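Q: The primary structure of each chain is shown beneath.
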Amino acid sequence: MNIKPLFDRVVVESVQSEEKTKSGFILPSSAQEKPQTARVVAVGPGGVVDGKDVTMEVKIGDVVLYAKYSGSEFKVDGKEFTILRQSDILAIVE
Amino acid sequence: MNIKPLFDRVVVESVQSEEKTKSGFILPSSAQEKPQTARVVAVGPGGVVDGKDVTMEVKIGDVVLYAKYSGSEFKVDGKEFTILRQSDILAIVE
Amino acid sequence: MNIKPLFDRVVVESVQSEEKTKSGFILPSSAQEKPQTARVVAVGPGGVVDGKDVTMEVKIGDVVLYAKYSGSEFKVDGKEFTILRQSDILAIVE
Amino acid sequence: MNIKPLFDRVVVESVQSEEKTKSGFILPSSAQEKPQTARVVAVGPGGVVDGKDVTMEVKIGDVVLYAKYSGSEFKVDGKEFTILRQSDILAIVE
Amino acid sequence: MNIKPLFDRVVVESVQSEEKTKSGFILPSSAQEKPQTARVVAVGPGGVVDGKDVTMEVKIGDVVLYAKYSGSEFKVDGKEFTILRQSDILAIVE
Amino acid sequence: MNIKPLFDRVVVESVQSEEKTKSGFILPSSAQEKPQTARVVAVGPGGVVDGKDVTMEVKIGDVVLYAKYSGSEFKVDGKEFTILRQSDILAIVE
Amino acid sequence: MNIKPLFDRVVVESVQSEEKTKSGFILPSSAQEKPQTARVVAVGPGGVVDGKDVTMEVKIGDVVLYAKYSGSEFKVDGKEFTILRQSDILAIVE
Chain A
1 MNIKPLFDRV
11 VVESVQSEEK
21 TKSGFILPSS
31 AQEKPQTARV
41 VAVGPGGVVD
51 GKDVTMEVKI
61 GDVVLYAKYS
71 GSEFKVDGKE
81 FTILRQSDIL
91 AIVE
Chain B
1 MNIKPLFDRV
11 VVESVQSEEK
21 TKSGFILPSS
31 AQEKPQTARV
41 VAVGPGGVVD
51 GKDVTMEVKI
61 GDVVLYAKYS
71 GSEFKVDGKE
81 FTILRQSDIL
91 AIVE
Chain C
1 MNIKPLFDRV
11 VVESVQSEEK
21 TKSGFILPSS
31 AQEKPQTARV
41 VAVGPGGVVD
51 GKDVTMEVKI
61 GDVVLYAKYS
71 GSEFKVDGKE
81 FTILRQSDIL
91 AIVE
Chain D
1 MNIKPLFDRV
11 VVESVQSEEK
21 TKSGFILPSS
31 AQEKPQTARV
41 VAVGPGGVVD
51 GKDVTMEVKI
61 GDVVLYAKYS
71 GSEFKVDGKE
81 FTILRQSDIL
91 AIVE
Chain E
1 MNIKPLFDRV
11 VVESVQSEEK
21 TKSGFILPSS
31 AQEKPQTARV
41 VAVGPGGVVD
51 GKDVTMEVKI
61 GDVVLYAKYS
71 GSEFKVDGKE
81 FTILRQSDIL
91 AIVE
Chain F
1 MNIKPLFDRV
11 VVESVQSEEK
21 TKSGFILPSS
31 AQEKPQTARV
41 VAVGPGGVVD
51 GKDVTMEVKI
61 GDVVLYAKYS
71 GSEFKVDGKE
81 FTILRQSDIL
91 AIVE
Chain G
1 MNIKPLFDRV
11 VVESVQSEEK
21 TKSGFILPSS
31 AQEKPQTARV
41 VAVGPGGVVD
51 GKDVTMEVKI
61 GDVVLYAKYS
71 GSEFKVDGKE
81 FTILRQSDIL
91 AIVE
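Protein chains in written order, with the numbering used here: chain A, 1 to 94; chain B, 1 to 94; chain C, 1 to 94; chain D, 1 to 94; chain E, 1 to 94; chain F, 1 to 94; chain G, 1 to 94.
Since the hints were made in silico from the structure, they are not lab data.
All figures in this text were calculated on a predicted structure; none of them were measured in a lab.
Each residue gets a CB set at the ideal place from its N, CA and C atoms; glycine is no exception.
There may be inaccurate statements among the hints.
[Stated by the list, open to error] Computed far set for chain C versus chain D, every beta-carbon distance over 10 Å:
#	residue
1	Asn2
2	Pro5
3	Ser14
4	Val15
5	Arg39
6	Val40
7	Val54
8	Ser72
9	Asp88
10	Ile92
11	Glu94
[What the hints assert, rightly or not] Straight line, CA to CA, 27 Å or less: simulated DSS-like cross-link-like pairs of lysine-lysine:
#	chain 1	residue 1	chain 2	residue 2
12	A	Lys52	A	Lys4
13	F	Lys4	F	Lys79
14	A	Lys52	G	Lys4
15	B	Lys75	C	Lys68
16	C	Lys68	B	Lys79
17	G	Lys4	F	Lys59
18	G	Lys75	A	Lys79
19	E	Lys75	F	Lys4
20	A	Lys79	A	Lys59
21	B	Lys52	A	Lys4
22	B	Lys52	B	Lys75
23	G	Lys68	A	Lys59
24	B	Lys68	A	Lys75
25	C	Lys52	F	Lys52
26	E	Lys68	F	Lys79
27	D	Lys52	B	Lys52
28	C	Lys52	B	Lys4
29	F	Lys52	E	Lys79
30	D	Lys52	E	Lys59
31	A	Lys52	B	Lys59
32	A	Lys52	F	Lys52
33	C	Lys4	C	Lys52
34	C	Lys75	D	Lys4
35	A	Lys59	A	Lys75
36	A	Lys52	C	Lys52
[Claimed, not checked] Covered stretches of chain B (chain C as the covering partner; in silico rule of three or more C-beta atoms under 8 Å from a C-beta of chain C):
#	region
37	57 to 70
38	86 to 93
Please build the complete structure, drawing on both the sequences and the hints.
A: Structural data, given as structure tokens:
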């Protein structure tokens, strides 16, 4: 996918709930208000956001935890993606 | 169209959902809460917005992804346009 | 009309929807949520607004696009005027 | 009346809707959501308001336009007054 | 009363609506949304409030006008008091 | 109790409404919207809170007045405590 | 668990309400609006959050009190965790 997020935005790709991370982390896909795990597929350049300097801490390939309902979802070639602000990402799961 | 957006505003022209971008990006036109793709047709000069310096990162011709319902829509000669703040633009699609 | 807007305020005069701008820009008068076109008739001096320095970018005679429902309407000698903050103005139409 | 507004506050006295300003400005008294005209009768000293330096631009005797429902009304000896922040004043009418 | 308001807070004591100030200022006690007059009985030291330096402009004995419903009311020995931020005080009545 | 409030937080212990302060201050326990009196039992270190430097002005043993419904209540060994931000404290009662 | 909170975020593990802290602190698990106790299991690096420098004051192993309903809950291998901002933590219990 050739998408360049602006500023502090990050594109993530849904991680199947069957898929375990190295730490054995599983989130039931039916958990409505629970944070979501996803794999980072594109990262904005950071820079000045709302007059404040933002450094990007996540990188492509990171599996991250983010609050469900943050960001906007879209589809490319049948795959579901979400575009988030980095500040919506809670943690990196290793 | 001869419209000069002020400050950090950007005018975009709706991209038909039948139209594929280079990356094969398609958004079903019926997807109500999904981000929209559009082509930039006019870009404001940037400058000080709410006391913060804004540099314009998008340029005329860019295909961008923006959150539906941001901005204001208007029509010129039957074509639909939307005027957005640059910060409402999520990503550039290539 | 002898009205001096304070700070970053601008007085605009409703442009009839029958009236075309140079760019052929027309807004149906019934379009409720659409931006409005209007002609600038008075411009405040700018200066410090909410602790931030504001420079006025519009001038008397400009035809501008602004989000409907921003500003306050009033009447003088039967003509309808609207008083806006400059930041409510989306673009200059030429 | 011996009332000293604090900071950026201004006391205005209702202008009768029958009374014309020099510019022929009339506001029907029944216009509920329209801006109000009033004569300034007391002006605060300005100074630091919410951490920002405010200079007073209106003076006693000015006829001003302000958004209805801003400020607080009170009565002295049967006359109605309103106390506003200067930022609620839209324009000076001459 | 031995009460020391913190920061920019001020304790005021209800002025009987029968009581006239020097300027003949009267507020009917039934006026629900009108500003209230009250006598200042304790004044905080000012200082840094929300990161901004606040200087106290009112002093004990001042009769002040404040917007009803601002502040918190309490009783000591049957008398009613209100504790306000100085910024809730509209004017000093003399 | 061995509880260390973080930043600008303060732990207070409910003062029985039967208990008089030195100034004869009494608050009927049924007064729902009235400020509450309480004795300070733990004080945070202050420091940078929301990017602003906060100095603690209250100390253990102070009887304070705070707006009801601010803070969070908890129980230890049957006693009721409330944890507040210092900015929720209106005054020190002596 | 191998989870790295970003910025000022902290992962905490629910403390059983049967479990007493050293200070004898107990929170009935049915108390809906009461603060929660939990043990810190991961701490973000702090740094610039919303343009303000944040220093982490809690460390792994601390038992903390936080306002219920702050943060996001998730499960790993059947254990329940919550991810919070440090500013949602009210106090350290010892």
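Q: Checked against the structure, which of the hints given earlier come out wrong?
A: As far as the earlier hints go, 1, 2, 8, 17, 19, 22, 23, 26, 29, 34, 37 and 38 are violated by this structure, in ascending order.
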